[in-house]
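From first to last, the protein sequence lines are chains A, B and C.
At position 290 of the first sequence (counting the first as 1) the number is 290 in the numbering used here, and the numbers step up by one without a gap.
At position 94 of the second sequence (counting the first as 1) the number is 94 in the numbering used here, and the numbers step up by one without a gap.
At position 71 of the third sequence (counting the first as 1) the number is 71 in the numbering used here, and the numbers step up by one without a gap.
Mixed in with the good hints, there may be bad ones.
As the list claims (entries may be wrong) - Here are some chain C residues the structure puts well away from chain A; computed CB gaps all over 10 Å:
| id | residue |
| --- | --- |
| 1 | PRO121 |
| 2 | PRO180 |
| 3 | ILE181 |
| 4 | LEU279 |
What the hints assert, rightly or not - Some chain A residues near chain C, calculated using beta-carbon distances under 10 Å:
| id | residue |
| --- | --- |
| 5 | TRP26 |
| 6 | LEU59 |
| 7 | LEU60 |
| 8 | ARG82 |
| 9 | MET104 |
| 10 | ASN105 |
| 11 | LEU109 |
| 12 | TRP223 |
| 13 | VAL227 |
| 14 | ALA231 |
| 15 | LEU261 |
| 16 | GLU264 |
| 17 | ILE271 |
| 18 | ILE282 |
| 19 | ARG283 |
Source of the hints: derived by calculation from the structure; they are not laboratory data.
Note that the Cβ used here is the ideal one computed from N, Cα and C, for glycine as well.
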Amino acid sequence: MTFYLIAIATSAGFYLLLALALNLQWGLTGLVNFGVAGLYALGAYASALATERLGLPFLLALPMAALVGALAALMLAALSARLSGDYLAIVTLGFAELIRLIAMNEDWLTRGPRGLAIATRPLPEGLTREAAAIGYLLLVLAVVAIAFWALERIRRAPMGRVLRAIREDALVPATLGRDVQAFRLRAFAIGGALMGVAGSLYAHWVLSITPDHFQTPVTIITWMAVVIGGAGNNRGLVLGAFLVVGIVEGTRFLGGVLPGLDAERLSALRIVLIGVLLILAIRFRPQGLIAEQPLRHTPPGAQP
Amino acid sequence: MSELTINALAAGYGGRAIIADVSLRVSAGELVALLGPNGAGKSTLLAAIAGTMKPLAGSVHLNGREVTGMDPARLARAGVALVPQRRNVFRTLSVAENLAIGAWPAPRLAGARRDGVLALFPALRPALPRTAGLLSGGQRQMLALGMALMAGPSLLLLDEPTAGLSPVLVEETLLAIARLREAGIGALLVEQNAREALRHADRALVLAGGGVARRGTAAELLAEPDLGALFLGTAA
Amino acid sequence: MIQLIFDTLATAALVAPAAVGFTLIFALLGFANFAVGAVMAAGAFAAWTANALLGWPISAATAAAMLATAALVLVCDRAVFRPLREAPGWALLVSSVALSFVIENLLRLIFRADVRGYDVPLSRPLIWLDARIAPDAAWSILAAVVTLAVVLAGLRLLPWGRALRAAADDASLAALRGIPIGRLRVFANLLAGALAGLSGTLAGFSLAIEPGLGWSLTVSVIAAAILGGIGSAPGAVLGAVLIAFVEEVAVKFTTPAYRPGIGFIALALVLLLRPQGLLGKPLAAGRDQ
Numbered sequence: 001m002t003f004y005l006i007a008i009a010t011s012a013g014f015y016l017l018l019a020l021a022l023n024l025q026w027g028l029t030g031l032v033n034f035g036v037a038g039l040y041a042l043g044a045y046a047s048a049l050a051t052e053r054l055g056l057p058f059l060l061a062l063p064m065a066a067l068v069g070a071l072a073a074l075m076l077a078a079l080s081a082r083l084s085g086d087y088l089a090i091v092t093l094g095f096a097e098l099i100r101l102i103a104m105n106e107d108w109l110t111r112g113p114r115g116l117a118i119a120t121r122p123l124p125e126g127l128t129r130e131a132a133a134i135g136y137l138l139l140v141l142a143v144v145a146i147a148f149w150a151l152e153r154i155r156r157a158p159m160g161r162v163l164r165a166i167r168e169d170a171l172v173p174a175t176l177g178r179d180v181q182a183f184r185l186r187a188f189a190i191g192g193a194l195m196g197v198a199g200s201l202y203a204h205w206v207l208s209i210t211p212d213h214f215q216t217p218v219t220i221i222t223w224m225a226v227v228i229g230g231a232g233n234n235r236g237l238v239l240g241a242f243l244v245v246g247i248v249e250g251t252r253f254l255g256g257v258l259p260g261l262d263a264e265r266l267s268a269l270r271i272v273l274i275g276v277l278l279i280l281a282i283r284f285r286p287q288g289l290i291a292e293q294p295l296r297h298t299p300p301g302a303q304p
Numbered sequence: 001m002s003e004l005t006i007n008a009l010a011a012g013y014g015g016r017a018i019i020a021d022v023s024l025r026v027s028a029g030e031l032v033a034l035l036g037p038n039g040a041g042k043s044t045l046l047a048a049i050a051g052t053m054k055p056l057a058g059s060v061h062l063n064g065r066e067v068t069g070m071d072p073a074r075l076a077r078a079g080v081a082l083v084p085q086r087r088n089v090f091r092t093l094s095v096a097e098n099l100a101i102g103a104w105p106a107p108r109l110a111g112a113r114r115d116g117v118l119a120l121f122p123a124l125r126p127a128l129p130r131t132a133g134l135l136s137g138g139q140r141q142m143l144a145l146g147m148a149l150m151a152g153p154s155l156l157l158l159d160e161p162t163a164g165l166s167p168v169l170v171e172e173t174l175l176a177i178a179r180l181r182e183a184g185i186g187a188l189l190v191e192q193n194a195r196e197a198l199r200h201a202d203r204a205l206v207l208a209g210g211g212v213a214r215r216g217t218a219a220e221l222l223a224e225p226d227l228g229a230l231f232l233g234t235a236a
Numbered sequence: 001m002i003q004l005i006f007d008t009l010a011t012a013a014l015v016a017p018a019a020v021g022f023t024l025i026f027a028l029l030g031f032a033n034f035a036v037g038a039v040m041a042a043g044a045f046a047a048w049t050a051n052a053l054l055g056w057p058i059s060a061a062t063a064a065a066m067l068a069t070a071a072l073v074l075v076c077d078r079a080v081f082r083p084l085r086e087a088p089g090w091a092l093l094v095s096s097v098a099l100s101f102v103i104e105n106l107l108r109l110i111f112r113a114d115v116r117g118y119d120v121p122l123s124r125p126l127i128w129l130d131a132r133i134a135p136d137a138a139w140s141i142l143a144a145v146v147t148l149a150v151v152l153a154g155l156r157l158l159p160w161g162r163a164l165r166a167a168a169d170d171a172s173l174a175a176l177r178g179i180p181i182g183r184l185r186v187f188a189n190l191l192a193g194a195l196a197g198l199s200g201t202l203a204g205f206s207l208a209i210e211p212g213l214g215w216s217l218t219v220s221v222i223a224a225a226i227l228g229g230i231g232s233a234p235g236a237v238l239g240a241v242l243i244a245f246v247e248e249v250a251v252k253f254t255t256p257a258y259r260p261g262i263g264f265i266a267l268a269l270v271l272l273l274r275p276q277g278l279l280g281k282p283l284a285a286g287r288d289q
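Between the sequences and the hints, there should be enough to build the whole structure, so can you do that?
Here it is, written out as structure tokens:
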């Protein structure tokens, strides 16, 4: 039982990293990213291939995953830079599909649906199963804490204020003389890097990755965490991530309540419920559970 | 005959009023000029009357019937046509199609109306098959006005129809608008070219400082020595 | 060469109707509706139900599927998108992706993921000028051509078609000129739904009828619409033919599985080189986030 809980917590940790990244891209900057699963996959495969094929240590593989994620994100954002958010959404979605296709079909590289086995673990040798599990959880939580701290600093720093202003109205920062585009691209790239990091951590935890691990439900669940947690608000995100993982895991037990549904139908029903929940959350509580704290300074010209 | 009555109208963005306590009346067959410096709220007033912006306070009545904040499409079908300053033609449709769309509220008289519009703006006739996005600025303004006329409105709300036009075209356009009075069509005309507008209008209002600063007949205002002061240096 | 032309048309027949629907909705309502793929899958299943379960001939089944998806799209618009019409862009986008998964998994819930096919008599491919032409594909092309011809003609000649094109060009100006945007929205949704249903039904001939059928076509559909220029129905058809052509040529060098990948690359190129597409209006800033 404890094993299960540790696994759930670790899983929530990965989603939390993805959600923190998405929160930077969308919650803070207003960019819609439907390619979360793709960037996650890219980080995972990059890291796995780095350790398994290139023989690099995990400490090098992790930054590689971050770099790959950042570059991919940068490319996607640059493609749709001057266009409305719909186009970025479209490109990121297409990208995620492309990544999945490559992972599926390029057997020689990724071993396709059979799965890429990963032997490298960022933990010392000779640990018991329990110790290893707890150790990994601590590692993930450490990365989460670092990411949280870094993103909170971005949020409070001048860049963060500019990003939030961009989200409210892209014209406002232009009058402040900042390069709106540069900020957006930078934010999107940092988010991509973090998603790559999450992918790397995931790959070296689950020890065998297939393209199936990185399908669109990952993107939807991440969005749910950010929407429910509250846009731009990192604290609400922690709540959101755990809530969402709780829902995802909790619906696993629907099988006991609803006899007569086989595993396939059950899994479909779970996704239906999650999707409906997301639609309802957007409709009735788009600001999330914990609303964002407003910027503390008053914009120039406004009444105090 | 048609009459549009605006009472103590207030409008603005984000809860803050740009204009307040504006009252005026436009009747069929009369041309009322709405003048004032940039940013005075002239376009805002038109938008609030036409329903594209919900007024913050006050009322709008058409022939005694309350139409405050009514859906713009319904108001258009009731005979009040707003011609915005920009984005006032369908650029991907041909001139002929634009005019056909204009007739939507009153399809049965479309043929006759089109003849009337082409008589008013002969320059549009050779342009009928052309895509509206390729028209010159002057032709576009004519088309925008022509579209609105296709619906057979009783009242027009015109937002700077001569913006960006050469002086010759300005005069031509204002003449055409003034001629509409003969057809019983009334118009509330927002114009930057104050002097030109006053020469054609019956009455005029000056919007400044968030409200109506001056009103009177066009002749009275033309004779006004310190009109320029009200315009803060942007006199026509 | 004839084979290539034929294959292109066969693929375009799948993509074009849905692309037309997608482009009109994007232009009219201002957002990219990612649920188009799932609606296509629903259409395939509806046609299958009518054809394989109820024994209807495939033409009647196609018509039934189009009616079903028209109704489905209208219901979804009323329930999900219309309440969000004042909401920022992301709300509509994310809702449409969520909706896509709800529809797809409802299909999975009802029908499970077993592979199915229509109940049509097996027939041998026709040989014409050195090209092998499967009767299914020929029928698909015919159905698509006829339907699209009717739709394009209607958009050009009928008052409601003109009104839809006007509103797709500029919805607020259309309202100012008296066009009832609410009723137009209903009309557009029914039309887009029927077209997506047609695409899905036709896709069921060459692809396996399973809940994920639409998702793999979504990128091609959206790419076709963007290539043609958002808001232009003829553009979407043209875009579909071009994308189909590129796919057919590229597939000779890679596996068929990469079709969506080709769609994505085409999309990236369009956005890089000519984001307004071939026949679309010049792009504005778009909905705010």
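Query raised in the report: For the hint on A/LEU109, does the least C-beta distance to chain C fall short of 10 Å?
Result: violated, 14 Å
**Report entry** chain A versus C/LEU279 - minimum CB to CB distance exceeding 10 Å, so not interface
**Finding:** Answer for C/LEU279: holds, closest chain A Cβ roughly 17 Å.
Query raised in the report: Quick one, is the A/MET104 hint okay against chain C at 10 Å, beta carbons?
Result: holds, 7 Å
Report task. Hold the hint about A/LEU59 up to the distance rule: shortest CB distance to chain C must be less than 10 Å. Result -> violated, 33 Å
Query raised in the report: Does A/TRP223 meet its interface restraint, that is, does its C-beta lie within less than 10 Å of any C-beta in chain C?
Result: holds, 6 Å
Query raised in the report: Beyond 10 Å from every Cβ of chain A: is that where the Cβ of C/PRO121 lies?
Result: holds, 31 Å
Query raised in the report: When the nearest CB of chain C is found for A/ARG283, is that gap smaller than 10 Å?
Result: Holds, about 6 Å.
**Report entry** Supplied contact hint for A/ARG82, tested at 10 Å Cβ to chain C
**Finding:** holds, 8 Å
Requested in this report: May I ask you to test the interface hint for A/ASN105 with respect to chain C, counting a Cβ-Cβ separation under 10 Å as satisfied?
Outcome: Status holds, d = 5 Å.
Report task. Identify whether the interface hint at A/LEU60 stands, where standing means a beta carbon of chain C within less than 10 Å of its own. Result -> Violated. Min distance 29 Å.
Report task. Test the statement that C/ILE181 is away from the interface with chain A: the closest C-beta pair must be farther apart than 10 Å. Result -> holds, 20 Å
Query raised in the report: For the hint on A/ILE282, does the least C-beta distance to chain C fall short of 10 Å?
Result: Nearest chain C Cβ about 5 Å off; hint holds.
Of the hints listed earlier, those the structure fails to meet are numbers 6, 7, 11, in rising order.
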